[in-house]
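Protein chains in written order, with the numbering used here: chain Y, 1 to 615; chain B, 1 to 157.
The hints are simulated quantities; they were obtained by calculation from the structure and are not laboratory data.
Among the hints, a few may not be true.
Okay, derived cross-link-like pairs now, DSS-like style, lysine-lysine, Cα gap no bigger than 30 Å in a straight line [stated by the list, open to error]:
#1 Y:LYS226 <-> B:LYS38
#2 Y:LYS282 <-> B:LYS109
#3 B:LYS109 <-> Y:LYS149
#4 B:LYS90 <-> Y:LYS149
Here chain B is said to cover these stretches of chain Y; the calculated rule only asks that three of the stretch's residues, wherever they fall, bring their Cβ under 8 Å from a Cβ of chain B [as the list claims (entries may be wrong)]:
#5 196 to 210
#6 318 to 328
#7 392 to 404
#8 510 to 518
The structure displayed is predicted, hence computed values, not measured ones.
Every residue, glycine too, gets a C-beta built ideally from N, C-alpha and C.
Below, each chain spelled out in residue letters.
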Amino acid sequence: MAWAGKILRVDLGKGTCTSEPLNMKWARDYIGQRGLATKYFTEEVDPKVDPLSPQNKIIWATGPLTGTMASTGGRYSVITKGALTGAVACSNSGGYWGAELKMAGWDMIVFEGKSPKPVYLYIENDNAKLLDADWLWGKSVWDTEPAIKAKHQDPQIRVSCIGRAAEAGCLYAAVINDLHRAAGRSGVGTVMGSKNLKAIAVRGTKGVGNIRDPKGFMKATTEAKKVLADNAVTGQGLPKFGTQVLMNVINEIGALPTRNHRDVQFEGAKDISAEAMHQPRKTDGKPNLVTNQACFGCTIACGRISKIDETHYTVQNRPEYWGASGGLEYEAAWALGAANGVKDLEALTYANFVCNEDGFDPISFGATVGAVMELYEMGVLKKEQLGIEAPFGSAKALTYFAELTAKGEGFGKEIGLGSKRLTAKYGHPDLSMSVKGQEFPAYDSRGIQGMGLAYATSNRGACHLRGYTVASEVLGIPVKTDPLVTEGKAGLVKAFQDATAVFDSAGVCLFTSFAWTLANVQPQLATACTDEFTLEELNLIGERIWNMERDFNNRAGFSSEDDTLPKRLLTEPAKTGPAKGLTNGLDKMLPEYYQLRGWDEKGHLKPETRARLGL
Amino acid sequence: MQKSLYINADKCTGCLQCEMACSYENYGVFNPAKSRIKIFDFDHTGRKVPYTCTQCDEAWCLHACPVEAIKVDAATGAKVVLDDVCVGCKVCTIACPFGTINYVQDTGKVQKCDLCGGDPACAAACPTGAITYVDADWTGLERMKQWAAKVDNQPRA
Numbered sequence: 001m002a003w004a005g006k007i008l009r010v011d012l013g014k015g016t017c018t019s020e021p022l023n024m025k026w027a028r029d030y031i032g033q034r035g036l037a038t039k040y041f042t043e044e045v046d047p048k049v050d051p052l053s054p055q056n057k058i059i060w061a062t063g064p065l066t067g068t069m070a071s072t073g074g075r076y077s078v079i080t081k082g083a084l085t086g087a088v089a090c091s092n093s094g095g096y097w098g099a100e101l102k103m104a105g106w107d108m109i110v111f112e113g114k115s116p117k118p119v120y121l122y123i124e125n126d127n128a129k130l131l132d133a134d135w136l137w138g139k140s141v142w143d144t145e146p147a148i149k150a151k152h153q154d155p156q157i158r159v160s161c162i163g164r165a166a167e168a169g170c171l172y173a174a175v176i177n178d179l180h181r182a183a184g185r186s187g188v189g190t191v192m193g194s195k196n197l198k199a200i201a202v203r204g205t206k207g208v209g210n211i212r213d214p215k216g217f218m219k220a221t222t223e224a225k226k227v228l229a230d231n232a233v234t235g236q237g238l239p240k241f242g243t244q245v246l247m248n249v250i251n252e253i254g255a256l257p258t259r260n261h262r263d264v265q266f267e268g269a270k271d272i273s274a275e276a277m278h279q280p281r282k283t284d285g286k287p288n289l290v291t292n293q294a295c296f297g298c299t300i301a302c303g304r305i306s307k308i309d310e311t312h313y314t315v316q317n318r319p320e321y322w323g324a325s326g327g328l329e330y331e332a333a334w335a336l337g338a339a340n341g342v343k344d345l346e347a348l349t350y351a352n353f354v355c356n357e358d359g360f361d362p363i364s365f366g367a368t369v370g371a372v373m374e375l376y377e378m379g380v381l382k383k384e385q386l387g388i389e390a391p392f393g394s395a396k397a398l399t400y401f402a403e404l405t406a407k408g409e410g411f412g413k414e415i416g417l418g419s420k421r422l423t424a425k426y427g428h429p430d431l432s433m434s435v436k437g438q439e440f441p442a443y444d445s446r447g448i449q450g451m452g453l454a455y456a457t458s459n460r461g462a463c464h465l466r467g468y469t470v471a472s473e474v475l476g477i478p479v480k481t482d483p484l485v486t487e488g489k490a491g492l493v494k495a496f497q498d499a500t501a502v503f504d505s506a507g508v509c510l511f512t513s514f515a516w517t518l519a520n521v522q523p524q525l526a527t528a529c530t531d532e533f534t535l536e537e538l539n540l541i542g543e544r545i546w547n548m549e550r551d552f553n554n555r556a557g558f559s560s561e562d563d564t565l566p567k568r569l570l571t572e573p574a575k576t577g578p579a580k581g582l583t584n585g586l587d588k589m590l591p592e593y594y595q596l597r598g599w600d601e602k603g604h605l606k607p608e609t610r611a612r613l614g615l
Numbered sequence: 001m002q003k004s005l006y007i008n009a010d011k012c013t014g015c016l017q018c019e020m021a022c023s024y025e026n027y028g029v030f031n032p033a034k035s036r037i038k039i040f041d042f043d044h045t046g047r048k049v050p051y052t053c054t055q056c057d058e059a060w061c062l063h064a065c066p067v068e069a070i071k072v073d074a075a076t077g078a079k080v081v082l083d084d085v086c087v088g089c090k091v092c093t094i095a096c097p098f099g100t101i102n103y104v105q106d107t108g109k110v111q112k113c114d115l116c117g118g119d120p121a122c123a124a125a126c127p128t129g130a131i132t133y134v135d136a137d138w139t140g141l142e143r144m145k146q147w148a149a150k151v152d153n154q155p156r157a
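Use the sequences and the hints to build the structure in full.
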């Protein structure tokens with residue numbers, strides 16, 4: 001079984017909490033977490049809904065492997081219609097919160113309506129109630145979690161909450177749990193804030209004890225852990241260097257977007273890389289990186305725990321920032337660093353801390369600052385309105401903007417709108433490096449061609465976690481393909497997208513897929529849940545989930561016209577590196593991709609595709 | 001030869017595989033709330049520390065028990081709670097200086113680490129070697145070796 005078999009429905013308008021049995025037919029067809037919650041969401045919510053209206057819903061969901069001994073089995077996702085994108089949003093987080101919800105006996109929580117005043121949901125096993133959060137409103141994530149633990153006199157409570165960025169209306173506000181793990185993208189935190197919902201505090205002591213075949217499960221999970229341990233990426237690279245292991249690699253192949261994608265290589269990459277995080281600082285002799293850290297159940301442990309140099313300008317005489325906390329992952333280091341031409345590792349770490357402290361996505365924030373800096377250098381934005389000189393490379397501008405965006409003050413209010421709205425407002429929409437309103441992550445699609453198609457077709461806007469063909473095109477996982485060509489990429493993107501949907505629905509971390517294929521996930525799901533989860537079935541489910549998300553977006557008003565890339569990537573060739581002279585060849589990949597997907601030329605599902613997938 | 005759990009906190013990543021292994025071994029359920037080993041995460045330092053019973057020779061819990069519900073397992077040296085004797089009075093939880101014996105609401109008894117009869121599940125589950133099960137007389141061996149490695153006694157060429 002492994003599902004708890006029960007969902008919690010919270011009507012924020014009425015203030016009620018109701019238990020419902022899980023729809024087991026849907027669980028069988030969509031597994032859990034991303035797939036299953038999106039099924040609930042798309043069945044219950046009008047695709048045309050305004051993301052910030054009470055009619056939007058927001059779901060916290062675990063997978064069947066969440067809260068088990070499966071490696072990385074601690075994941076949860078937040079599913080809603082994204083505030084930043086207006087597309088279906090599904091942001092995935094680790095830490096310990098997801099497992100705690102499952103241990104309390106719930107697969108997911110569906111929030112509907114809007115509370116008339118700030119509230120937080122408190123769950124203690126079967127008991128759930130909404131409590132007043134007036135006293136928490138206006139507090140950061142870092143103040144909210146300890147305050148809730150103190151109030152309930154229970155240090156073992158886990159908290160998933162928003163900070164001040166969401167309250168202030170930042171459109172890419174994140175949901176943060178365990179102080180520095182984030183359901184980061186698309187503005188899921190903004191939707192949470194729009195409902196006057198501050199936090200979900202959970203204590204679960206029931207555990208997960210309904211594994212279908214316990215002996216088979218222990219054997220399957222033990223074998224899968226060995227695969228992770230024996231793999232060079234998951235067994236050595238990620239624990240030692242974190243995702244930051246990529247910084248120098250991606251820079252060398254000329255795919256590190258730099259200064260708002262003007263360049264594809266960053267001269268300061270080595271200064272903000274994993275290797276730099278290990279180097280003792282000149283000032284205090286200590287490295288930026290304190291240790292690595294695992295999320296619940298994770299035998300990889302890629303998380304970075306960092307300390308900022310106490311003499312650095314950002315934290316001088318501010319001991320509240322001297323403790324160890326969540327350090328730079330690759331995407332954040334890129335967005336806060338290379339995207340703005342900033343190479344001050346301590347400044348990036350501080351900006352990252354601020355993103356965690358007040359809950360906003362460092363990718364969209366950093367990329368938006370990149371657009372602001374370009375507009376500043378063009379003379380469109382002036383020092384007087386920004387409050388600071390903001391040329392590319394200015395660490396001081398970056399950290400100043402982070403502080404403003406955290407609280408929605410000054411120009412931070414505009415940065416909080418994201419690059420699409422900001423650049424449009426100032427007359428240069430082409431300078432927004434985004435798809436469907438969501439900013440790119442850290443791979444330039446001129447140097448990694450397949451990623452251009454993956455970005456253009458991602459159901460939640462530009463994203464590296466929907467079809468990570470970097471694995472194949474750069475790292476050779478599962479097979480090496482040439483990053484500079486478009487041939488074969490349509491099939492590659494589709495395969496990655498479908499498989500990823502299964503990982504995201506099972507309750508395990510996508511990073512296992514550096515070592516695992518679905519063939520490694522299948523025995524774990526089958527022994528935990530049902531032997532109907534065969535490999536063929538999982539492949540079909542992945543495709544079904546992808547198409548379900550796509551269909552929702554189509555009904556929300558997205559079409560083939562939105563499956564595109566900013567002009568810069570299609571018309572301005574890469575200036576240096578192996579991809580020099582190349583633009584992204586999206587037009588060569590997209591028609592083939594539609595064909596493989598079984599979509600018409602407008603990007604809509606053909607009737608036979610619907611029938612084949614049971615949609 | 002008796003063995004001891006040897007805990008090297010420097011290697012702990014905070015994954016809680018040990019807590020799940022412990023609860024699964026003893027209750028057949030993945031549930032850190034029922035684990036007899038606990039990982040403490042000291043947020044602001046980045047330190048994670050596994051903590052459980054050290055199996056004291058002159059065990060306070062054993063001596064405090066008014067009904068003699070705690071016995072020594074002669075093979076492993078573990079101090080083991082006899083569930084059919086324990087009355088749930090909790091005096092042992094007061095007596096233990098380290099807090100490693102605790103009450104369980106569901107059963108009305110106390111629980112503590114019993115070394116799983118000589119094959120501790122936590123040590124088997126630990127992916128980083130932070131928890132190992134070693135010769136009870138040589139829990140210092142790994143640290144001795146680390147320091148010994150620093151001795152510079154190579155003959156100079």
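Broken hints, by number: 2, 7 and 8
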